[in-house]
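Engineer: Starting from the given sequences, assemble the full structure and let the hints guide the process.
Line by line, the protein sequences give chains U and Y. According to our numbering, the first sequence holds residues 1 to 454 in order. According to our numbering, the second sequence holds residues 455 to 772 in order.
Everything labelled a hint here was simulated from the structure, so no lab data went into it. No incorrect hints appear here.
Example chain Y residues on the side facing chain U (calculated, C-beta under 10 Å, incomplete):
no., residue
1, Leu521
2, Lys527
3, Asp721
4, Ala723
Glycine is no exception: its CB is placed at the ideal position from the N, C-alpha and C atoms.
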Amino acid sequence: MKYLRHFLEFTFYIRKFLLAALIFLATVSSFGTQASAKTRTKIVFWHEMTGPAQVQLNKFVNNYNQSQSNYTVIPQFEGNYNEAVQKILNTHGTSASPALFQSMDISTNQIASSGYTTPVQKFINEDNYDVSKISSIARAFYSQNGKQLSMPFNTSQPVLYYNASLLKKYKITPPPVDPSYSDITRVAKQLYQHSDKKVKGLSIEIYGWFFEQFLANSGTSLANNNDGHSGTPTSVSFDNPAAIAAMKWIQTNIKNGSFMNYGAGTNASTNEMASFLSGKLGMFLQSSASISQLTAGTKDKIGVTYYPHLDNKKANGVSIGGASLWISNDKSLQEQRGAWEFIKYLMSPTNQASWQSATGYLALNKGSQNEPVLQKLYQHYPSSKVPSLQLSKTSPNNTNSGVFMQGLIQERTSVQTAMEQIYNGGNIRQALQEAENSMNSAVKSANKANKVQN
Amino acid sequence: MEEQLNKQFKPLNKIAIPKLQKLKKIGYDVNAKDKIYAFLFLGPSLLILSIFVFYPMLRTLYLSFFLTNTLGKPTVFVGFNNYVNLLTSSTYLNSLKATITYVIAVSMLTLVLGILLAQAASKKIAGINFFRTIFSGTMGVSVSVAAIFWLFIFNPSVGLLDQVTTFLHLPTINWLTQPGWAMLAVIISTVWMNLGFTFLIFFGALQSVPKFLYEAAEIEGASKSYQFFHITFPMISPTIFFISIITLIESFKSFGLIDLMTAGGPDNATNLMVYRIYQDAFLSGNYGSASTQSVILAIIISLFTLMQFKLLEKKVTY
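Structural biologist: The structure is reproduced here in C-alpha cells:
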C-alpha cells in the first residue's frame, strides 16, 4: 500500500508534464494540417525503384504534381522488393502506410489475399477506362477471374541476349529470333570452339524466374488448379517433362564446356553482365529491362531473341516479371481516387514510351509504339524492339500468366537449390523431386495456416 | 571521510527531498524509499529492455509453436511440430552442419592468426608501425566494402584469383558457385574481417606481459618457443578466452558477408542458421518456423558459451 501511494505521487507529476506536452503538440500540429489541407490531398507512394528507373519515376511524379492542383504525390523509396512486401503488410491501417504502392510480381497473391487493397477494377469501371489498350499478357498476371487487382507497371520479359559482333568475328550464324534449345546449343558450342575456348557460349543465371518461364513457354503448369488461376494451389510440380528438358539442355551445354555458371543472386547477374560486356561470354538469358544497361556498356552490337523454346514444340509465350501498382483501402476515398488518377497518368502512351526508353521496362500502352521517343530508340538499336514484339505476340492463357499462389519466394528458393545441384552435375530428376517435395510440404502448411479448404 | 562525503552530498539532498518530506508525513519507512528510488532509476532501462528484448524473446518462443498466415499472424497451434519438422529436415541439419564448420573454422583461424600477427608486430624492427597499422586496418572496413573487395578477388571471369590461375595455367576455380569452395571463400573473408580487432586486442595483451619474465627466462636459457608456451600463453590466457568467446558468438551471428557474397548458396552450402532465419522470416514470411530456428540458435549459442566457460576457464590464469 505504501509503495502504491508513493508511486501515485510520482505519477501525478509525470501526468501533469505529459498533459502539457500533449497540448503543446496538438496546437502545433493543428496549425500544420490546416495550412496544407486547404489545397492538395497528399498521396504517399511507396516504390522500390533504383538507378535510372528511380530518376524517371521521380520525373513523372514532379510532372504530375505540376500538371494538376488536386493531389500531391509523395514518392518514398522502400528498399528491395522482398522487404517492401513485409513493410506494406505490417504498416497497414497505421498512419505510416501508403495510399499507393508498388509491389513485385510474385507477391500478387499475397497482397491480394491480405484484403488490404482496393482492386483497381473498381476505378476502371467507374471511369469506363479502356484497359484493352494496356498489354493483355501484363494485365493477366495481375488479375483474378477477370477482375484487375492492380495495374501492371514496370514490366519486363525474359529474353536471350547475344553479342552479335563477337559471333560475326568468329563467323557464326546468329540464332533465329525465335530460337529452340538446340539452336542455342549450336551457337554456344561453335562460339566456344571457334574462339579456342576463350569465350564461353552461354550462361543462364540460377534464378527461379527463368525456371518458371521454361515451364510457361512449354505450356506446362507449375502449380495445380491451372497455376492457381482457378483456385488456391494445393501442390506444385517441378519434376515434369518440360523442366527436365530445360535442365537437360543446360547440362548438355555444361558438359561440352560452353556453359558458364555464375551462380545465383545479384552477384551472379553482375558478374554475368561484366563478362558479357567484356566479350568473355557470348549469350545469356536476362530480363528485357537490362537492355539499356547493355547498349550503354559496350560498343559491340547486341542481338536479342525471344525466350528459347522446346525443340519440337511451338513457344507458348513467356509471362512477365516486374511489379504492379496497388491502391490501399485504409486511406480515404479521396486519397484512393488520387492514387488512381496518378496510375492513369503513368499509363499514358507518352509516359509509357519515355519509361521504356529511359529504363528498358516495356511500354505497356499499345499507343506508345508510335511515340517519337520509342521510334527513335528502335532506329538507334533495332534489337530493342524484340522484347516489345515478344510481349505483343503473346496471348495470355493459364500457363503463361504467372503462378497465382502464395509462397512463391519460397518456391524460387527451392527451385534455385535444385538448379544449383543440377549445375554442379547433380541428378536432374532427383534434384527436382527433392525441391518439389519440400515445396509441397511448405504449401500444405501455408494453406493450413491460411485456413484454405483443400 | 564520511563527514566529507555528507558535506558533498548535502546540497543534493536538499534538492531531492521536498517531495519525500511530504511523503514522510503520510508515513513511509526508509526501506520503501530506497525501493522506490531503485525502481525509478532502473525503470527506464527495464522498460526499454522489456519492450525491445524480453517481449520479443517471449514472442519468439510463443510464435515457435504456431503456423503463421500471410500477414504473419499465428493461426494454427502446432505444439512442437515446428521443432520436429526442422530437426528431421535434411536441409536444416545441413545448415546446422555448415554453421558449425564455419564457426569452428572462423574462430580457430582468427585466434591463431591474430596471435601470430600480434607476436610478429611486437618485434621492434624498423617500419613496424606501418605493419601494425596495416594489420589492424580491417577494423575500419565495413562489411559491404569487404564484400565488394573479396567479390572482386573471387570473380569467376575478371577476378584477381582467376587471372593468377590463368597466368599459372592452373584450372579455374569457381569460387562462389561450387559448394566446397564457396564455404572456404566465405571463411577466408570473415577471418580477414575479424583479424583487425583480434590483432589489436592481442597486441595490447602482449604489451602488458612484464618484460622481466622474458629476461629471467633468457638467463635460464629457455628457448623462444618455450617462452611462448610457458610465459606468453598463460599471461595472455584471459584475452584468449575473451576473444574466443567473442568470435564464436559473432561468427554464429554472421550475416553481412554471407548475404553480400553468396546469399546462402550454392546448394545451401553457406546457408548458415542466421541467414536461414532471415530468409524464412523476412523473405518467405514463415514467422513460425523462423522463430523456432531462433530458439534453437539461442540454445546452441548458450550451450557453446557454457562449454567454453567450463573447459577454457580452468586454463585461464588471471
